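*Asks:* So the chains spell out like this:
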Amino acid sequence: MLKEIQQSELATTVWEQLENVSDPELDEPITDMGFVERVEVFTSEKVEVDFRLPTYWCSPNFAFLMAFGIRQEVEKLNWVREVTVTLKDHCFDVQVNEGVNGSCSFDEVFSKYCNGEELESVNLKFLEKAFIRRQETVLLALQQAGLSAEAIVSMTLGEFDLIEFQGEEEVRQKPRYRSLLVSRQLASGSDDPAFVTWTGQRIEAGNLRQHLSELRSVRINMEFNGALCRGLSNTRYKEVEIGPDGPTLVDFIQGRVPPQNFESV
Amino acid sequence: MYKTEDGREIFVLDGHTHFWDGSPENQANVHGKQFIDCFYAYHTNLSPAEELWEKSKFEKYTADDVYRDLFIDGPDDMAIIQSTYLSDFYKNGFSSIERSSEMASRHPERFIVNGTFDPRDGEKALEYIHYMKENFDIQGVKMYTAEWNGDSKGWALNDPAAYKCFELCDKLGIRNIHVHKGPTIIPLNKDAFDVHDVDYAATDFQNLNWIIEHCGLPRLDDFCWIATQETNVYAGLAVALPFIHSRPRYFGEVMAELLWWVGEDKLLFGSDYAIWTPAWLVDQLWNYQIPEDISAERGGVQLTDEVKEKILGLNAASLYGIDAAAKLKQLNASPIQVAAE
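If you're matching them up, the sequences are chains A and B in order.
Each number in our numbering corresponds to the 1-based position in the first sequence with 2 added.
Each number in our numbering corresponds to the 1-based position in the second sequence with 280 added.
Here chain A stands alone, though its shape is the one from the complex (with noise of 0.2 Å):
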């Protein structure tokens, strides 16, 4: 059983744990997206996350890999017995929150509500996404800092991991870009070129320039839906406007987001 104190700290231990969610197509957390509406860790060391999206029509494939997600991230945290993941309001709030919180693999339940499409590639879709905004972010501000098409490409990424970066973006996606490029084993040793593309190969220094037009046209893309996602649930919840961008963490844990108002502006 937990005390009080206990399941105040756990609850924040969840929220942080949550910031490992991405919306798939924003490469952005959900919880700096205010899609997470309520964390409740009980006595049991049961939790229960609430969570909604910007409209009732958002796509229902990004809404399973959220759920997914959440469900996955929580579970890692060694003391949680029991998770029970909730989406509000969304045309297909019941088919998600009968998946994700139901006995049947998420791959089946996927395939059963998704088109037959396969969770798996799905996934790798949206990671070779945030793989390209990352990654632009970053080879544009080295661009930036004057170093030369050949000086970026030849890069290893122990050079890479030194680099210092003063923009606020840069900084942030830094290290998000050094993640994927580890986990999808693109680069392992500090000599392994730190550039490559998502399928691996190394990038020329006279292609650099037409690589990153590439990214900037898939990121033109997720910037426009990211931009729609935050206005749209804006007003969608008008409480969620503390602050020039959106509640915080901090906001959530102090109870200033109010439980949602499902009535629009």
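FYI, nobody ran anything at the bench for these hints, they're computed from the structure.
Since we're looking at a predicted model, the values are computed, not measured.
Ideal Cβ placement from N, Cα and C applies to all residues, glycine included.
Just so you know, not all the hints are guaranteed correct.
Stated by the list, open to error - One side only, chain A facing chain B, incomplete, derived with CB under 7 Å:
#1 57
#2 81
#3 85
#4 99
#5 223
#6 225
#7 226
#8 227
#9 230
#10 233
#11 234
Claimed, not checked - As a list, the in silico DSS-like pairs of lysine-lysine whose alpha-carbon atoms are at most 30 Å apart:
#12 283/B to 337/B
#13 5/A to 48/A
#14 340/B to 90/A
#15 5/A to 90/A
#16 451/B to 413/B
#17 404/B to 131/A
#18 337/B to 371/B
#19 78/A to 114/A
#20 444/B to 404/B
#21 404/B to 90/A
#22 176/A to 114/A
#23 451/B to 607/B
#24 176/A to 90/A
#25 433/B to 90/A
#26 78/A to 5/A
#27 335/B to 371/B
#28 114/A to 313/B
#29 433/B to 114/A
#30 90/A to 371/B
#31 313/B to 283/B
#32 404/B to 313/B
#33 78/A to 127/A
#34 335/B to 90/A
#35 127/A to 433/B
#36 90/A to 337/B
#37 90/A to 114/A
#38 433/B to 413/B
#39 433/B to 451/B
#40 114/A to 131/A
Please build the complex by placing chain B on the supplied structure of chain A, with the hints as guidance.
*Replies:* Using the frame of chain A, we list chain B on its own:
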């Protein structure tokens, strides 16, 4: 018409507007409510604060509102009113050709009313196309591939049933096929707004003009790739345009891609009224330049005055057989009726 600072008169044909009824009285179910709520969220999210409407007006505005917002307060000379039924969500349709045509009949010189059909209706769809041609002499239609219809949550332009409809459109001279390919709002189908079906339809129907509203966003790269290869594919800028206010640099990136791949002769202005009003959009567009570093990455493309004039009206005028200079003259000769009633 939009009057520039140096006194030039720019012809404005607003390629994408609606006269909808999303009011609770017309909503058939919760989906009808959610749909108009979603539109309203777009409106509140991307409009400048001083342009915001109250929810009840947004749900159902009047014929006078349309005339004032587009032609008196707004710079439009003409507007294309699109039809979208969403019959599973709205009792009398969201924006029907009958209601729009009645509104437009007060100022026929200013409106082009387009129809719509649902190929999944089979024979009935064909009959309906005949009905629209005979009764409203339509020159174009608006396609909504993500519309629900019973168990179906979407369709594709290259479905066999759709091809039958497009064959009939071709035969009857309904040449302008506007297709909503934009943000996913009803995605229960795998992806009913995916743009790949445009590639097939545009290749197989060379006589028809395919105007892709919202330029495929958020699938701009796919759309550009297709549009580059097809001579009869155009981009409608509705939804992309309001970013000029909230994210001007991002808007520049989108325009640079479109100008580079699709070209200045194939981009059409659309306010998406009543989600946004044309006055501020046109004003901001006329005063906008693509940032130099973005332009440099795309061969120096730029929104020059000539390019803007094409986008704002000349490109759409040529699709609809309108002589822009003569139209401006005609409209100038009959001053705007401030009291429309």
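*Asks:* Each hint: holds or not?
*Replies:* A quick look at each hint next to the structure:
| no. | hint | verdict |
| --- | --- | --- |
| 1 | 57 | 5 Å, holds |
| 2 | 81 | 37 Å, violated |
| 3 | 85 | 27 Å, violated |
| 4 | 99 | 17 Å, violated |
| 5 | 223 | 4 Å, holds |
| 6 | 225 | 6 Å, holds |
| 7 | 226 | 4 Å, holds |
| 8 | 227 | 5 Å, holds |
| 9 | 230 | 6 Å, holds |
| 10 | 233 | 3 Å, holds |
| 11 | 234 | 5 Å, holds |
| 12 | 283/B to 337/B | 29 Å, holds |
| 13 | 5/A to 48/A | 13 Å, holds |
| 14 | 340/B to 90/A | 28 Å, holds |
| 15 | 5/A to 90/A | 29 Å, holds |
| 16 | 451/B to 413/B | 11 Å, holds |
| 17 | 404/B to 131/A | 43 Å, violated |
| 18 | 337/B to 371/B | 19 Å, holds |
| 19 | 78/A to 114/A | 26 Å, holds |
| 20 | 444/B to 404/B | 12 Å, holds |
| 21 | 404/B to 90/A | 38 Å, violated |
| 22 | 176/A to 114/A | 37 Å, violated |
| 23 | 451/B to 607/B | 28 Å, holds |
| 24 | 176/A to 90/A | 34 Å, violated |
| 25 | 433/B to 90/A | 21 Å, holds |
| 26 | 78/A to 5/A | 21 Å, holds |
| 27 | 335/B to 371/B | 20 Å, holds |
| 28 | 114/A to 313/B | 28 Å, holds |
| 29 | 433/B to 114/A | 16 Å, holds |
| 30 | 90/A to 371/B | 27 Å, holds |
| 31 | 313/B to 283/B | 39 Å, violated |
| 32 | 404/B to 313/B | 28 Å, holds |
| 33 | 78/A to 127/A | 24 Å, holds |
| 34 | 335/B to 90/A | 23 Å, holds |
| 35 | 127/A to 433/B | 24 Å, holds |
| 36 | 90/A to 337/B | 28 Å, holds |
| 37 | 90/A to 114/A | 20 Å, holds |
| 38 | 433/B to 413/B | 27 Å, holds |
| 39 | 433/B to 451/B | 29 Å, holds |
| 40 | 114/A to 131/A | 24 Å, holds |
Comparing the model with each numbered hint stated earlier shows that hints 2, 3, 4, 17, 21, 22, 24 and 31 do not hold.
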